[in-house]
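Asks: Sequence:
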Amino acid sequence: MGNGHSTKGKGICQGVVLKMQGLTMVEHYLPLQLRSTDVILNKQWLKSVRWIRIHWISNLTITNQNDCNAHTL
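Be aware that the sequence shown starts at -15, since it is given in our numbering, and climbs by one per residue.
Derived by calculation from the structure, the hints in this document are not laboratory data.
The structure displayed is predicted, hence computed values, not measured ones.
Ideal Cβ positions, reconstructed from N, Cα and C, are used throughout, including at glycine.
It cannot be assumed that every hint is accurate.
[As the list claims (entries may be wrong)] Label pairs and their in silico Cβ distance ranges: (1) Gly(-12) <-> Thr8: 27 to 35 Å; (2) Gln(-2) <-> Thr21: 19 to 27 Å; (3) Ser42 <-> Gln(-2): 28 to 36 Å; (4) Ser42 <-> Lys(-6): 30 to 38 Å; (5) Lys(-8) <-> Ser42: 29 to 37 Å; (6) Arg19 <-> Gly(-5): 18 to 26 Å; (7) Ile(-4) <-> Arg19: 18 to 26 Å; (8) Cys(-3) <-> Ser20: 16 to 24 Å.
Take the sequences, apply the hints, and build the full model.
Replies: Below, the structure is given as structure tokens:
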């Protein structure tokens, strides 16, 4: 979880369409009860994007290899 804790899910939801700020992703997700996080992007998906720029205070900017557009999440 990034904080030293672990949790167990009940199964994977496959082919979930997630739309955020004009960016559409179809991925498999493991539903977990999280307190302050809406979604965790998996390592394989993160490897597929061209670059990721993070401003730790306010936002995450992602440019996908497929559409070359920047999306701020």
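Asks: Next, verify each hint and record whether it holds.
Replies: A quick look at each hint next to the structure:
| no. | hint | in the structure |
| --- | --- | --- |
| 1 | Gly(-12) <-> Thr8: 27 to 35 Å | holds (33 Å) |
| 2 | Gln(-2) <-> Thr21: 19 to 27 Å | holds (21 Å) |
| 3 | Ser42 <-> Gln(-2): 28 to 36 Å | holds (32 Å) |
| 4 | Ser42 <-> Lys(-6): 30 to 38 Å | holds (33 Å) |
| 5 | Lys(-8) <-> Ser42: 29 to 37 Å | holds (32 Å) |
| 6 | Arg19 <-> Gly(-5): 18 to 26 Å | holds (21 Å) |
| 7 | Ile(-4) <-> Arg19: 18 to 26 Å | holds (21 Å) |
| 8 | Cys(-3) <-> Ser20: 16 to 24 Å | holds (21 Å) |
This entry satisfies every hint, going by the numbered hints stated previously.
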